[in-house]
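Protein sequences appear in the order of chains Z and B. Here the first sequence is numbered in our numbering, starting from 1 and rising by one per residue. Here the second sequence is numbered in our numbering, starting from 1 and rising by one per residue.
Derived from the structure by calculation, the hints contain no laboratory data. One or more hints might be untrue.
For chains that are exact copies, the list does not tell them apart, and a pair is met inside one copy or across any two.
Said to hold, decoys possible - Subject to a maximum C-alpha distance of 20 Å in a straight line, what follows is the list of computed DMTMM-like cross-link-like pairs (lysine to aspartate or glutamate):
id : residue 1 : residue 2
1  : K108      : E138
2  : K80       : D128
3  : K154      : D209
4  : K31       : E42
5  : K31       : E6
6  : K94       : D130
In this text the structure is predicted, and so the values were computed from the model without any measurement.
Given next are the chains, with one letter for each unit.
There are 2 protein chains.
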Amino acid sequence: MKIKPECATCIVRQVVDAVKEISREEEVQFKLIRSTLSCIKEVYGPDAVPAWMGTEVHRYLKKISNNEDPYKRLKDRANKLAMGYLKNIEGELKKYNYKSPLERLKYKVKLAIAGNVIDFGPYSTDVDIDRKLKETLEGELKIDHSREFLQDLKHYDRILYLCDNAGEILFDKILIEELKKYCEVVASVKGGPILNDATLEDARYVGLDKVVKVITTGCDAIGVNLEEASQEFLKEFERADIIVAKGMGNFESLTEYSIDKPVYYIFKAKCPPVAQFVEVNVGDNILLRSPNP
Amino acid sequence: MKIKPECATCIVRQVVDAVKEISREEEVQFKLIRSTLSCIKEVYGPDAVPAWMGTEVHRYLKKISNNEDPYKRLKDRANKLAMGYLKNIEGELKKYNYKSPLERLKYKVKLAIAGNVIDFGPYSTDVDIDRKLKETLEGELKIDHSREFLQDLKHYDRILYLCDNAGEILFDKILIEELKKYCEVVASVKGGPILNDATLEDARYVGLDKVVKVITTGCDAIGVNLEEASQEFLKEFERADIIVAKGMGNFESLTEYSIDKPVYYIFKAKCPPVAQFVEVNVGDNILLRSPNP
Numbered sequence: 001m002k003i004k005p006e007c008a009t010c011i012v013r014q015v016v017d018a019v020k021e022i023s024r025e026e027e028v029q030f031k032l033i034r035s036t037l038s039c040i041k042e043v044y045g046p047d048a049v050p051a052w053m054g055t056e057v058h059r060y061l062k063k064i065s066n067n068e069d070p071y072k073r074l075k076d077r078a079n080k081l082a083m084g085y086l087k088n089i090e091g092e093l094k095k096y097n098y099k100s101p102l103e104r105l106k107y108k109v110k111l112a113i114a115g116n117v118i119d120f121g122p123y124s125t126d127v128d129i130d131r132k133l134k135e136t137l138e139g140e141l142k143i144d145h146s147r148e149f150l151q152d153l154k155h156y157d158r159i160l161y162l163c164d165n166a167g168e169i170l171f172d173k174i175l176i177e178e179l180k181k182y183c184e185v186v187a188s189v190k191g192g193p194i195l196n197d198a199t200l201e202d203a204r205y206v207g208l209d210k211v212v213k214v215i216t217t218g219c220d221a222i223g224v225n226l227e228e229a230s231q232e233f234l235k236e237f238e239r240a241d242i243i244v245a246k247g248m249g250n251f252e253s254l255t256e257y258s259i260d261k262p263v264y265y266i267f268k269a270k271c272p273p274v275a276q277f278v279e280v281n282v283g284d285n286i287l288l289r290s291p292n293p
Numbered sequence: 001m002k003i004k005p006e007c008a009t010c011i012v013r014q015v016v017d018a019v020k021e022i023s024r025e026e027e028v029q030f031k032l033i034r035s036t037l038s039c040i041k042e043v044y045g046p047d048a049v050p051a052w053m054g055t056e057v058h059r060y061l062k063k064i065s066n067n068e069d070p071y072k073r074l075k076d077r078a079n080k081l082a083m084g085y086l087k088n089i090e091g092e093l094k095k096y097n098y099k100s101p102l103e104r105l106k107y108k109v110k111l112a113i114a115g116n117v118i119d120f121g122p123y124s125t126d127v128d129i130d131r132k133l134k135e136t137l138e139g140e141l142k143i144d145h146s147r148e149f150l151q152d153l154k155h156y157d158r159i160l161y162l163c164d165n166a167g168e169i170l171f172d173k174i175l176i177e178e179l180k181k182y183c184e185v186v187a188s189v190k191g192g193p194i195l196n197d198a199t200l201e202d203a204r205y206v207g208l209d210k211v212v213k214v215i216t217t218g219c220d221a222i223g224v225n226l227e228e229a230s231q232e233f234l235k236e237f238e239r240a241d242i243i244v245a246k247g248m249g250n251f252e253s254l255t256e257y258s259i260d261k262p263v264y265y266i267f268k269a270k271c272p273p274v275a276q277f278v279e280v281n282v283g284d285n286i287l288l289r290s291p292n293p
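Here chain Z stands alone, though its shape is the one from the complex:
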């Protein structure tokens, strides 16, 4: 999908957030933001893809600030918070062992979305996490292709699961363990730090590598960029029967390609441009099969 005019606001907000992680000195912050405005101007336009525009801008910011990983602190924090929170849902999780495969799958898809919804940022508290988790788990999937998903899981053999952010990757792990009951799963994370996207380090921290083979995209592009991806990634992308794409970045970028196999997009529509593209409301939770069943 392409950006909308209002995406200008969001990318500038991201830059401000990142710059605040990079330096506490306002003078430095002003300089970095000012310089990045030129970069935004260059990549902003009706043909820009949100995830790729973000990639260019965050790469530029990493370069001019000599900071390879501005979100390091936030990612570490997200991982720790998610791990600490896990025990709170273990009881609930176990209950689902005795429910139907469809109910269990749907619950774990929602859990993976909840991981994407939770703000693991510096001001989040256990109460907030609890509330948001509950809202997502008890709410409906506005687009719900879970029946088709279960059918495809039974019919096919191999899944490539594209992870999204640090922290939430722990919740992805729980869904991936469920998917493994049906298929061989390979998970992929980013090949280098970008935004708060999960890298190998985060995958190892939550123990995802103990559960499935974890590869990287081979680059630090937000979402997927097949032109920049490593041979290893392209091979797994080719071999997989089903692609599971988590989060908005993967959705924004994969929808730019025509893919000859089922892709399951799992995300919360967090902003108007994405929500309008999928024809849902902002805040809706989505398990969308492409091609549409």
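Let chain Z serve as the given structure and place chain B on it in line with the hints.
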């Protein structure tokens, strides 16, 4: 006061909002936003004053879009909504005729802030307006120099009241009528369209010109810019014993000057940079005397 690094987000958001008023065509919107990013880059920096940075950016946008008044529709709507809403508070207003001068003054100051709080935008409803008005009127003034204000009103003769936005100018009129019980009041509006700031047209629409002499700043600067102001404005600014400055734009800009008379700032601290500058929380309502009593 000067801008903070995060003001980049807010000015871009304003540009996006304005551009959506200027054209419905996305291609035009992209072009205008993209071009305005250069202008923002030029005026953005640690020495920028929020209101004046906004002035440069909105002037640039008016120029490149050949649209002299992008907020015309929103201002007209705000005026109409405010006028339509007036009857709902007339009963409450009358009650205050029998209360003490201090209570009455404070109530009308809060009403003027409420006018600044209400979102008269396209999605506001009577219910929202009711709720926000009630919240402001029943809440406290976080900085409350109403006693000093009453004292100064009794002691001095002449007020220059700097208005802020269309719509809310009707609520300013109610406060101005109260101030007239003590002093001669001159009200000023902007000399040309900028943002949703009130101009002569708005003052006339709500009948402010029937109540006091209304002048303009002589220019389309957000807030006050004494270097650009007309002789008429400067004369009234000089003659006044008290300046009453409504809204954040007037606060942001007037604090750049040293003024040898009491200034009363009346506003809601709507964003972190302004709130931090005044040492209050975002959302707090302020009646601040400068110099501090």
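Now the hints, each set against the structure:
{"no.": "1", "hint": "K108 x E138", "result": "within (12 Å within a copy, 46 Å between copies)"}
{"no.": "2", "hint": "K80 x D128", "result": "within (16 Å within a copy, 40 Å between copies)"}
{"no.": "3", "hint": "K154 x D209", "result": "neither (24 Å within a copy, 76 Å between copies)"}
{"no.": "4", "hint": "K31 x E42", "result": "both (18 Å within a copy, 12 Å between copies)"}
{"no.": "5", "hint": "K31 x E6", "result": "between (24 Å within a copy, 12 Å between copies)"}
{"no.": "6", "hint": "K94 x D130", "result": "within (18 Å within a copy, 48 Å between copies)"}
In terms of the numbered hints stated before, the structure departs from hint 3 and from no other.
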